[in-house]
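Given next are the chains, with one letter for each unit.
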Amino acid sequence: MSALLLKLVADLVAGRIRVVDLTQTLSPDFPQIVLPPELGQAWPFRIEEASRYDARGPGWYWNNFSCSEHTGTHFDAPIHWISGRHLPDNSTDTIPATRFIAPACVLDCSREAAADADFLLTVDFLRKWERRHGRIPAASWILMRTDWSKRTDPVAYQNIDETGQHTPGPDTDAVRFLVEQRQVLGFGSEAIGTDAGQGFHLKPPYPCHYYMHGSGRFGLQCLTNLDLLPPVGAVVIAAPLKIKEGSGSPLRVLALVPSPAAAPARRSAKKSAKRRARTKRR
Amino acid sequence: MTRPLMRPPRKNPVLRTRVPTLPPAARSRVTLGLTAGAARGRFELQVCRDCGTVQYPPREACHVCLSRRLDWREQNGAAELLSETTLWHSNELFYRERVPWRLGVAKLDCGPVAVVHLHGDCAPAPSRVRVRAVLDRAGQATLIAIPDKDTPNMADDRQLREMTCDPKFRKVLITDAKTALGQALVEAIVAAGAELVWAGYAESWKKTPGFDRLTSNPQVSLLPLDLTDSRAVKDTAGEIGGRVDILINTADHHRNFGIAARDGVETARAEMDANYFGLLRLAQEFAPAMRARGADGQSSAVAWVNLLSIFSLSNFPPHGTYSASKAAALSLSQCLRAELAPAGVRVINVFPGPIDDEWNQALPPPKIAPARLASDIVDALRGGAEDVFPGDIAQDWLARWRDNPKALERELAAMPR
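One line per chain: the protein sequences are A and B, in this order.
Heads up: take any position in the first sequence, counting from 1, add 1, and you land on this note's numbering.
Heads up: take any position in the second sequence, counting from 1, add 334, and you land on this note's numbering.
Just chain A, same shape as in the assembly:
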């Protein structure tokens, strides 16, 4: 083993590098994307007991689960969108594994998203961010922090009214800037899509899906704990399941963060689960 890797492991064990879990718990209570009901639908996460130390299997407990490739915290492969359908290595089984580990730039849009659920990230916002934190490196993840994951009530998280969903996302020019000027690896968000809830009305519809996937880039959705990441310096490990011709996959997204930057009040998974359970029975 190289000295570099040994040092990495030693730093992890010693807490000099901390692991932040950016993943929502896969649970039947977590809402799934909403499409008009006459269209094909993404399955929500569902789980059925196979046995639990009972007549169905006396010594063991296990479940069968079902869900969409796009349920819970999930990865979008380029083949997900029509603009990326003819690209080489565009599905979960063919994307080179080296691309599953990459640095992350975290854009704090939490104030803007709190003020306006339909907030659109602009080129202007990106340039201001670069003035403070430096140029966005090529092949890095752009993670849009909105604190949307703190909306543990599914109604507030979905935020749907008669005109559709209202969640923040990037505008068309910002996406093109990231793809064409900065060659990013992909775009990640805390809401249910990488595009804004009203992204259907942008030009083209769903620009983040259209341009990112059209140029072989990826998406991450339903992320959480982005508030625990530094603007730069974190490394994200996001490896989708190796589904044959998969358009995406639920996955565990981890961030490696140099210790001083890892916030002390890291939320435990247990605590988040408790909060969700509290809001379930409304």
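Treat the hints with caution; some may be incorrect.
[Claimed, not checked] The calculated lysine-lysine pairs, modelled on PhoX-like cross-linking and capped at a C-alpha distance of 25 Å, are: (1) B:Lys740 - B:Lys701; (2) B:Lys541 - A:Lys151; (3) B:Lys540 - A:Lys151.
[Claimed, not checked] Per label pair, the in silico range of CB-to-CB distance: (4) B:Val364 - A:Gly41: 47 to 53 Å; (5) A:Tyr54 - B:Asp569: 16 to 22 Å; (6) A:His202 - B:Arg376: 55 to 61 Å; (7) A:Asn65 - B:Arg716: 41 to 47 Å; (8) B:Asp546 - A:Gly41: 26 to 32 Å; (9) A:Glu163 - B:Ala747: 35 to 41 Å; (10) B:Glu692 - A:Arg100: 40 to 46 Å; (11) A:Leu242 - B:Pro543: 38 to 44 Å; (12) A:Arg100 - B:Asp569: 37 to 43 Å; (13) A:Asn65 - B:Pro338: 50 to 56 Å; (14) A:Arg100 - B:Asp597: 29 to 35 Å; (15) A:His134 - B:Ala696: 52 to 58 Å; (16) B:Arg383 - A:Gly41: 52 to 58 Å; (17) A:His202 - B:Glu692: 22 to 28 Å.
Because the hints were derived from the structure by calculation, they are not lab data.
Yeah, the Cβ is synthetic: ideal placement off N, Cα and C, and Gly gets one too.
Once you've looked at the hints, dock chain B against the given chain A.
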């Protein structure tokens, strides 16, 4: 005049809950013809095609001319009460626990004389009465005489209530109250005097017009419930299952596709998941407690209602996968009926024609209005039937199906889509 039913006192928790008992359930195959009519809310007797005799009890042959050409035909039940008595003792556990029990002998205007259960408001013999064939707690047809003209609080009669599933003072779960039917049903059940209505809803983030209005009624509790989520169904049954007297499963996932019009199985599977597996999940989690509470005082567990479809009987190709899911639910409901029968809990299947909702938008009228369907479901609970075909279309298709199922299959296949 029947004394109006009073709200039952709270259950004494130190006493053992009475175990359900049933009236005698054995019937000959030919006598099950009476049950077949009563199951659809009809009083049908054998009529001899050769000599015209109407006979009761049912037999293999006409008791006058020995012809075997007997047809089951609906009778209006008009009768003269000849005599009456009150039962004070019975070795049948069911009646032993319920005496005194009023019985009479009635001569039907169509000919036969029959021993009948006697509603408390029937005037002393001789008097005019109406004889009805209803299902008893064993699920078998029995005859009851009710007064010639309706009387106040008639439905509250103690003996009649043993043969109905009246929602009055009962606690009712409506599994999907978000739809127009679900909302109408919540209101109809409350109006029928239910003690408490749990109004189930899934996917809280999808609003449906009018749903929030339900909360203004103090009898109504909103209940998160998604029948596609096994854990949620189990948790919900754990919370309220021991209190549900009437469960009305209104889950109805409906899309408009045959086989050729839709690639893949995603839509069909979603229909099956809600309409078939949803019923299975509910039955596994809620039926055990209901089975245990079949004789739990005045407001015992009494009925389980399934919203099926007339398409359960014969496939409507433009809604082909939906029809298949409802046929699967019909089959499963028969299993549930058999498993709830020992507790005297009635499984009522409702087979409406197309409901006037968004998924039947493209079908021409007549379509049954959700409010009408809701009131028909309440009537079914107050009645003595277990298979209900509300509305003209359902009645028409039922008649065609009974007459010639193959002909109906061809007719449904030829319908414009």
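Hints, one by one, checked against the model:
Our distance criterion of 25 Å between C-alpha atoms is met by Lys740 of chain B and Lys701 of chain B, whose separation comes to about 24 Å. Pair hint Lys541 of chain B plus Lys151 of chain A holds up; C-alpha atoms about 22 Å apart against a cutoff of 25 Å. Among the hinted pairs, Lys540 of chain B with Lys151 of chain A is consistent with the structure: their alpha-carbon atoms are about 20 Å apart, no more than 25 Å. Between Val364 of chain B and Gly41 of chain A the Cβ separation comes to about 52 Å, which falls inside the hinted range of 47 to 53 Å.
Tyr54 of chain A and Asp569 of chain B have their C-beta atoms about 20 Å apart, which keeps the hinted 16 to 22 Å range intact. A hinted range of 55 to 61 Å holds for the C-beta pair His202 of chain A and Arg376 of chain B, which are about 57 Å apart. Between Asn65 of chain A and Arg716 of chain B the beta carbons are some 42 Å apart, a value that agrees with the proposed interval 41 to 47 Å. Between Asp546 of chain B and Gly41 of chain A the CB atoms are about 30 Å apart, so this pair conforms to the stated range of 26 to 32 Å.
Separated by about 39 Å at the C-beta atoms, Glu163 of chain A and Ala747 of chain B satisfy the suggested range of 35 to 41 Å. Taking 40 to 46 Å as the suggested C-beta distance range, the pair Glu692 of chain B and Arg100 of chain A conforms, at roughly 44 Å. Between Leu242 of chain A and Pro543 of chain B the CB atoms are about 40 Å apart, so this pair conforms to the stated range of 38 to 44 Å. Under the hint 37 to 43 Å, the C-beta atoms of Arg100 of chain A and Asp569 of chain B, about 41 Å apart, fit the expected range.
Here the CB-CB span from Asn65 of chain A to Pro338 of chain B is close to 52 Å, well matched to the stated 50 to 56 Å. For the pair Arg100 of chain A and Asp597 of chain B, the beta carbons lie near 32 Å from each other, so the given range of 29 to 35 Å is met. At roughly 56 Å, the beta carbons of His134 of chain A and Ala696 of chain B sit within the given window of 52 to 58 Å. A beta carbon spacing of about 56 Å between Arg383 of chain B and Gly41 of chain A agrees with the range 52 to 58 Å that was offered as a hint.
At about 24 Å, the beta-carbon gap between His202 of chain A and Glu692 of chain B stays in the expected band of 22 to 28 Å.
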